[in-house]
Amino acid sequence: NTERERLQRSLEDTAGRLEEAHARVMEKETEANQKLEDLEQVVKAYNTLGYQNSLIPESAINANGEDYEIRLNVNEATFSSSQMGVSQDQGSPEGYRLLADANNGYQPVHLVKLDLRGVVRANLISLRKEINERRKKVAEKDMADRDLLNDIKEAMDEKRSEIEALEHRRRAAEEEFERTKEITTTQKVQSDAQIEKMEKELAKMRASLTESVQLMEQREMNTDVEYEQLTLRANQLREELHTGVESMLNDIIRFKVHVQKGLEDYESFVVEEVEQELGGELQSMEDTELAEAHAA
Numbered sequence: 030n031t032e033r034e035r036l037q038r039s040l041e042d043t044a045g046r047l048e049e050a051h052a053r054v055m056e057k058e059t060e061a062n063q064k065l066e067d068l069e070q071v072v073k074a075y076n077t078l079g080y081q082n083s084l085i086p087e088s089a090i091n092a093n094g095e096d097y098e099i100r101l102n103v104n105e106a107t108f109s110s111s112q113m114g115v116s117q118d119q120g121s122p123e124g125y126r127l128l129a130d131a132n133n134g135y136q137p138v139h140l141v142k143l144d145l146r147g148v149v150r151a152n153l154i155s156l157r158k159e160i161n162e163r164r165k166k167v168a169e170k171d172m173a174d175r176d177l178l179n180d181i182k183e184a185m186d187e188k189r190s191e192i193e194a195l196e197h198r199r200r201a202a203e204e205e206f207e208r209t210k211e212i213t214t215t216q217k218v219q220s221d222a223q224i225e226k227m228e229k230e231l232a233k234m235r236a237s238l239t240e241s242v243q244l245m246e247q248r249e250m251n252t253d254v255e256y257e258q259l260t261l262r263a264n265q266l267r268e269e270l271h272t273g274v275e276s277m278l279n280d281i282i283r284f285k286v287h288v289q290k291g292l293e294d295y296e297s298f299v300v301e302e303v304e305q306e307l308g309g310e311l312q313s314m315e316d317t318e319l320a321e322a323h324a325a
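For the sequence shown, this note's numbering assigns the number 30 to the initial residue and increments by one for each residue that follows.
Where hints are given, some of them may not hold.
Stated by the list, open to error - Subject to a maximum C-alpha distance of 20 Å in a straight line, what follows is the list of computed PhoX-like cross-link-like pairs (lysine-lysine): (1) K170 <-> K182; (2) K229 <-> K217; (3) K158 <-> K170.
Calculated directly from the structure, the hints in this document are not laboratory data.
Work out the full structure: start from the sequences and follow the hints.
Structure (structure tokens):
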């Protein structure tokens with residue numbers, strides 16, 4: 030019994046120490062997890078700065094073909110104290126996030142592949158010097174740009190004064206333009222009224238002229254008709270006159286022939302009468318002479 034009690038106490042002490050060890054392991058695990066998360070945050074911040082400063086990726090302008098991106102080589106599975114004591118045959122060492130293998134943690138050369146204190150540090154120092162040189166040149170250029178900006182500002186101040194003077198002249202010109210516009214508007218209204226009045230008079234004249242033209246055209250048509258009628262009448266009269274003159278000439282010729290014949294007949298009658306008278310006188314003279322002769 031005494032031996033059993035001693036073994037029991039020894040077992041209880043061992044269980045207590047085991048619990049204490051388990052608690053310390055859990056504490057260390059939590060601390061390790063926190064440090065790992067902090068390291069991941071630092072790596073993330075570093076990579077972010079690398080991207081912002083054109084160091085990452087290798088094709089960035091400041092990388093010069095070097096790989097500056099930090100990649101942590103850690104297992105993805107979460108390690109817990111419940112896995113303590115699990116044999117290598119029962120679990121994979123690659124599954125323990127806080128362990129590189131079944132019994133060992135991570136070494137810096139295994140956790141980060143880059144030589145941060147050697148190559149990367151030297152390259153960053155060289156890059157810082159280069160950036161300082163470029164910053165110095167940019168600062169000098171910035172000073173030159175500031176001087177140029179001051180000169181431009183002075184020139185702009187001069188131009189602003191000229192612009193203010195031009196603005197004053199512009200306002201004066203606008204006022205003059207408004208006055209001229211008002212006068213022109215008034216004149217335009219008067220001109221429009223005069224034009225409207227003249228257009229009305231012109232419309233009346235056009236209407237009157239149109240009516241006169243129509244009357245003239247009507248008169249011309251009537252004149253043409255009358256001319257045609259007179260032409261026809263003249264032709265008829267010409268034919269009638271021609272016929273009448275021809276008839277008169279025929280009558281005159283017949284009258285002339287009649288008169289000539291009457292004159293010839295009268296002349297023959299006169300000749301006969303003269304001859305008869307002359308014959309009677311001669312007979313009387315002969316008788317007288319005979320009577321005288323007888324008387325003698």
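Task: Hint numbers contradicted by this structure - done: As far as the earlier hints go, not one is violated by this structure.
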